[in-house]
Amino acid sequence: MPHIPLPGHLPGITGLLEYSKDTAHPIRVLTQFLLRGKNSLAEGERELIATVVSHYNECKFCTAAHTAIADLLLGETETCELVKKDIDTAPISEKMKALLKIAVMVQVSGQAVTPEAINVAKQSGATDIEIHDTVLIAALFCLYNRYVDGMATVAPTDPQFYLGLGQRLKENGYNRLPNGYDHLKN
Amino acid sequence: MAHITLPDESLPGIVGLFNFRPETAEPLQLLAETLLRGDSPLTSGERELIAAYVSHLNNCHFCHTSHASAAMAHLNCDLSLIDDIKNGFQQIEISPKLRALLHIAAKVQKSGREVQAEDIAAAKAVGAADKEIHDTVLIAAAFCMFNRYVDGLGTWAPKEHEAYREMGQRMAFTGYVRFSVPQD
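In the order they appear, the protein sequences are chains A and B.
Here UniProt numbering is used: the first residue of the first sequence is 1, the next is one more, and so on.
Here UniProt numbering is used: the first residue of the second sequence is 1, the next is one more, and so on.
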């Protein structure tokens, strides 16, 4: 049960974003740009960063939600699972391996990021903007994961819930739905 | 030197990063403005203390000292009291409610999963309202983002408190938004 009363039909982050819409607005704008804006990293690659950080923060809701979106964007369900198990042996580019390792360091602490890890990313072709966005996506999910779990929001156990959420986010992105969320009641 | 090439290396901390990526600077600045200076049952001074305390726990010198300086500006305290934040608030007068909220913020800094029902009950017992608990958790979570952003990209930070005096006053009284942000 959440630590404060939240809309019962909106588990996880959505109820918090509806509870406090003025703080939700810049968080939504930032997320929409980082995960869906014009970028040399594919949307699926950026969702892998979000998923890995949520996984290491042990945030069940965010991990399940972003796994679902990553799977939809990648068109298969294997890569995301393998990335969560072991970045080194996952079927992704050397550049993505290097960026995901930086993201995992950011999950621990900003100071945990080593110049060596940055060099490996640059040598495998990562641009400064890709490194910047990787660090900021990882940092943003350190916010989301703490917000979601720090308020003890509900994480549904039914996998169908996350498939529906993933589909909604794939179609609409991270901005607030123009007509709100009342259609999700009942 | 930062891990990436910034257009103006003389700008410290997050300021250099804002300059590098205006698209993310806009919402980040609006988030800081809303969290620290927007509507809240907590005063801006209390909220800046939470931000400075979490940044200290994350060992982020730039965020810690700049937000501590903003807190001192709001509270009309001397910059020498900044060190009291690191010492667990022995000199700065804080209410039992703020102390309970700072305890929750310290849990959030470790992990969201650390926050227990007892921590929330203890804050409510000394008068914390739902919105105050919400704002505390979100400020603490947001500074776990800002701190990682600033240190994860290896930005530089001035060492001495004095270098943060004007910055803190600007943060406290002028605010955080320098770019216009489109509405969604």
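Honestly, the hints are just simulated from the structure, not real lab data.
The reader is advised that the hints may include incorrect statements.
[Stated by the list, open to error] Here are the simulated DSSO-like cross-link-like pairs (lysine-lysine), alpha carbons at most 27 Å apart as the crow flies:
#	chain 1	residue 1	chain 2	residue 2
1	B	K107	B	K131
2	B	K107	A	K60
3	A	K122	A	K60
4	B	K97	B	K159
5	A	K84	A	K97
6	A	K21	A	K38
7	B	K159	A	K21
8	B	K110	B	K131
9	A	K84	B	K110
10	B	K97	B	K107
11	A	K21	B	K86
12	B	K110	B	K86
13	B	K97	A	K60
14	B	K131	A	K185
15	B	K107	B	K124
16	A	K97	A	K122
17	A	K101	B	K110
18	A	K101	B	K107
19	A	K21	A	K85
20	B	K86	B	K159
21	A	K185	A	K170
22	B	K159	B	K124
23	A	K21	B	K131
24	A	K84	B	K107
25	A	K97	A	K170
26	A	K60	B	K159
27	A	K85	A	K101
28	A	K85	A	K122
29	A	K85	B	K86
30	B	K86	A	K170
31	A	K21	B	K107
Given pair status - K107 (chain B), K97 (chain B), alpha carbons within 27 Å: holds (16 Å)
Given pair status - K170 (chain A), K185 (chain A), alpha carbons within 27 Å: holds (21 Å)
Distance restraint between K84 (chain A) and K107 (chain B), which requires alpha-carbon spacing of 27 Å or less: Roughly 25 Å separates the two Cα atoms, so the pair holds.
Agreement of K107 (chain B) and K124 (chain B) with the hint, judged by alpha carbon distance not exceeding 27 Å: holds (16 Å)
Pairwise hint evaluation, K60 (chain A) against K97 (chain B), where the allowed Cα distance is 27 Å at most: Measuring from Cα to Cα gives roughly 30 Å; hence the hint is violated.
Straight-line alpha-carbon gap K60 (chain A) to K159 (chain B), limit 27 Å: Violated - the C-alpha atoms of K159 (chain B) and K60 (chain A) are around 39 Å apart, more than 27 Å.
Pair hint outcome, K97 (chain A) versus K122 (chain A) [Cα-Cα no greater than 27 Å]: holds (12 Å)
Agreement of K131 (chain B) and K185 (chain A) with the hint, judged by alpha carbon distance not exceeding 27 Å: holds (24 Å)
Hinted pair K21 (chain A) and K86 (chain B), Cα distance within 27 Å: violated (32 Å)
Hinted pair K122 (chain A) and K60 (chain A), Cα distance within 27 Å: Violated - the C-alpha atoms of K60 (chain A) and K122 (chain A) are around 32 Å apart, more than 27 Å.
Given pair status - K86 (chain B), K110 (chain B), alpha carbons within 27 Å: holds (16 Å)
K97 (chain A) paired with K170 (chain A) [C-alpha distance capped at 27 Å]: holds (24 Å)
In terms of the numbered hints stated before, the structure departs from hints 3, 4, 7, 11, 13, 19, 22, 26, 29 and 30, listed from lowest to highest.
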